[in-house]
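2 protein chains.
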Amino acid sequence: MALIVQKYGGTSVGSPERIKNVAKRVARWKARGHDVVVVVSAMSGETNRLIALAKDIQAHPDPRELDVMVSTGEQVTIALLSMALIEIGLKARSYTGGQVKILTDNAHTKARIVSIDEERMRADLKAGCVVVVAGFQGIDADGNITTLGRGGSDTTGVALAAALKADECQIYTDVDGVYTTDPRIVPEARRLKTITFEEMLEMASLGSKVLQIRSVEFAGKYKVRLRVLSSFEDEGEGTLITFEEDKDMEKAVISGIAFNRDEAKITVLGVPDRPGIAYQILGPIGDANIDVDMIVQNVGHDGLTDFSFTVHRNDYQKALNVLKPVVTHTKARGIQSGDKIAKVSVVGVGMRSHAGIASTMFRTLAEEGINIEMISTSEIKVSVVIDEKYTELAVRVLHKAFALDQAAQ
Amino acid sequence: MALIVQKYGGTSVGSPERIKNVAKRVARWKARGHDVVVVVSAMSGETNRLIALAKDIQAHPDPRELDVMVSTGEQVTIALLSMALIEIGLKARSYTGGQVKILTDNAHTKARIVSIDEERMRADLKAGCVVVVAGFQGIDADGNITTLGRGGSDTTGVALAAALKADECQIYTDVDGVYTTDPRIVPEARRLKTITFEEMLEMASLGSKVLQIRSVEFAGKYKVRLRVLSSFEDEGEGTLITFEEDKDMEKAVISGIAFNRDEAKITVLGVPDRPGIAYQILGPIGDANIDVDMIVQNVGHDGLTDFSFTVHRNDYQKALNVLKPVVTHTKARGIQSGDKIAKVSVVGVGMRSHAGIASTMFRTLAEEGINIEMISTSEIKVSVVIDEKYTELAVRVLHKAFALDQAAQ
Chain A
154 MALIVQKYGG
164 TSVGSPERIK
174 NVAKRVARWK
184 ARGHDVVVVV
194 SAMSGETNRL
204 IALAKDIQAH
214 PDPRELDVMV
224 STGEQVTIAL
234 LSMALIEIGL
244 KARSYTGGQV
254 KILTDNAHTK
264 ARIVSIDEER
274 MRADLKAGCV
284 VVVAGFQGID
294 ADGNITTLGR
304 GGSDTTGVAL
314 AAALKADECQ
324 IYTDVDGVYT
334 TDPRIVPEAR
344 RLKTITFEEM
354 LEMASLGSKV
364 LQIRSVEFAG
374 KYKVRLRVLS
384 SFEDEGEGTL
394 ITFEEDKDME
404 KAVISGIAFN
414 RDEAKITVLG
424 VPDRPGIAYQ
434 ILGPIGDANI
444 DVDMIVQNVG
454 HDGLTDFSFT
464 VHRNDYQKAL
474 NVLKPVVTHT
484 KARGIQSGDK
494 IAKVSVVGVG
504 MRSHAGIAST
514 MFRTLAEEGI
524 NIEMISTSEI
534 KVSVVIDEKY
544 TELAVRVLHK
554 AFALDQAAQ
Chain B
154 MALIVQKYGG
164 TSVGSPERIK
174 NVAKRVARWK
184 ARGHDVVVVV
194 SAMSGETNRL
204 IALAKDIQAH
214 PDPRELDVMV
224 STGEQVTIAL
234 LSMALIEIGL
244 KARSYTGGQV
254 KILTDNAHTK
264 ARIVSIDEER
274 MRADLKAGCV
284 VVVAGFQGID
294 ADGNITTLGR
304 GGSDTTGVAL
314 AAALKADECQ
324 IYTDVDGVYT
334 TDPRIVPEAR
344 RLKTITFEEM
354 LEMASLGSKV
364 LQIRSVEFAG
374 KYKVRLRVLS
384 SFEDEGEGTL
394 ITFEEDKDME
404 KAVISGIAFN
414 RDEAKITVLG
424 VPDRPGIAYQ
434 ILGPIGDANI
444 DVDMIVQNVG
454 HDGLTDFSFT
464 VHRNDYQKAL
474 NVLKPVVTHT
484 KARGIQSGDK
494 IAKVSVVGVG
504 MRSHAGIAST
514 MFRTLAEEGI
524 NIEMISTSEI
534 KVSVVIDEKY
544 TELAVRVLHK
554 AFALDQAAQ
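Taken in order, these protein sequences are the chains called A and B. Count along the first sequence from 1, then add 153; that gives the number in the working numbering. Count along the second sequence from 1, then add 153; that gives the number in the working numbering.
Extracted from the complex, chain A is given alone in its bound form (with noise of 0.2 Å):
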């Protein structure tokens, strides 16, 4: 007997029918002796449609209020959940972010967990209860309803699974699992059984989609055993995010090609090579509240240097324009850039200790004649920016040659 939390996404919950499914999937686990709480997202489509909404007001609604009225789609899906449970004979009790006590701290829009108050829950629990809280939502230390921002409800799963020490926190979503590539683009991609918490760390930040990059943080922070699994399969053991590479298993050295078609590069020409000079470039980006991706920097000549980074693409415009004041104060010879890039990755925990990886990543990309722009390493993966139209080649032919399509793991 264990204790589970389960996380069903917008789409696992997306009509009537979909949620009595789910309360069958918890009843399932329920029959088998588990105690087990469950975090629920909006239906699909309902949180666009209550931002449509507050549109039709305020053109930038007010970040508290944008709050209060979208913190309503979780509460319609706790208590539609809870009476499907009832309906087919368990005890079940939903919850808001704000009676279960997920404390944020204030940033509306995007707040963060500060703790949790278990007591309820655990009541419940032990009175054979299936607890029911709505993902993505909390209150501050003043009661004001907060949201985590897009995705928070994985981060409200992991939190849950941390405070109320769980065996597993279940993510249930539209896929499977984790893959090695995303199959639409290389359909021989295969699921992988696991993969450790570091990896997917690169794999989500580095677009791979399936969960949001907080709830994999919080997981590894506080040792969450997460498991992602398709709420449209009866049985499937998923992907499970472990945080130790397991000795015992036969361990592909990579474990996965991401790619991201998000950012755009930004590369300051011939900026002094001295001491400070990053943080003059970079400095009044964050003061922008622009986030950085990769970041390169070469060795200069003749006491000048490149400084290239990435951004989002949404915040392209907005860093040209910051970095204009900046090129002329560090006397850098000027900007180039561009937004038309792809970022690719090769992940894997295994390269640590397996040279090469990075001369077979450059050796299959030349023998496509895809150039190179910029290299970024960390000890789990290498990443590369090329031209945004070999994305796909460039996926496909490194999942091949990494035998990631026949790899057993």
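Heads up, none of these hints are tricks.
It does not matter which identical chain is meant; a pair holds if it fits inside one copy or across any two.
Calculated pairs, DSS-like style, for lysine-lysine (alpha carbon to alpha carbon, straight line, at most 25 Å): (1) Lys493 with Lys542; (2) Lys244 with Lys208; (3) Lys244 with Lys263; (4) Lys254 with Lys318; (5) Lys177 with Lys208; (6) Lys208 with Lys173; (7) Lys374 with Lys346; (8) Lys318 with Lys374; (9) Lys263 with Lys471; (10) Lys173 with Lys279; (11) Lys183 with Lys318.
Think of the hints as simulated: they come from the structure by calculation, not from any bench.
With the hints as your guide, set chain B onto chain A.
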């Protein structure tokens, strides 16, 4: 400078455009220097949509979960109205029933307000904010979301006005006040500038659907100055509900003609005329949660009497079933009943000091050949039960007989 509580119903906030109009009206009151607290209902149609969704899951939705669900309707409106107020330059903050702590008992779907914590609202008002509160909802002592039942937003408005000791509670609706009778039946019906609390109570319970009866009781109990106004007219004084007869005002004897086609009548024939018989009949009816409206028992003959009462038509069959064993048990002669009836009432505090109201009423109906099946009187009203088909005719001739179409008020 006054403190005004304004309540807007579902039709008044039924679209983004209408919500913007409400914001403009609130702004006009603010511009005159008043503090304003606004209570809103769910957008028209929303509560029904949510209930239908719940019924897709459970034919008889769990009451606790139904409250969690339907309370989202008002939550959406408070956010939208606050946005609309902020958009036109006002400071505004929305609160759910739970957030301003409208504490209720735990009778889900028909809870009663126990207390309101007005501290937070006072602080906001002091800071120049318009406070926007969700009607119809509260929380119980355990933090569960409750609702007050249909029309409960009126009650919320009055309860907030009482808690804040507001100068006036304004109920905005789709009619511009209380009329001498339904203008759809009598085009000459006039809007009343004032109506006493007792009259309003009779008018409301007798079928004038302007205000929820519980809110009127609440207003009477806490001496809240209550005004009914149209949200579709820019300036209008509506109808003020007063708590004393205004001696200075030349007041008509009769204020209005109310009517109701929602009831059914039941007569238990030939029951023994002895102490306790009323309880023997109505006890089981009350135990079955059936509300009784009129009760009539005349003097008996030969130790037997007839006992009549009316119930809501929805409870008609249930009441008849409940009575079957009662008839056997009391050795009554049988039951006579019908649901094709109407109750028509002449209401006015003036009749306390004027004889002849009842006889005028009976004569007027007799002249039209309308048979009176039951009669019930109070200090300020005379009600008769007649055949349903004569409803409009009876209302028209009574309106004319009491000169309601021309009385200067």
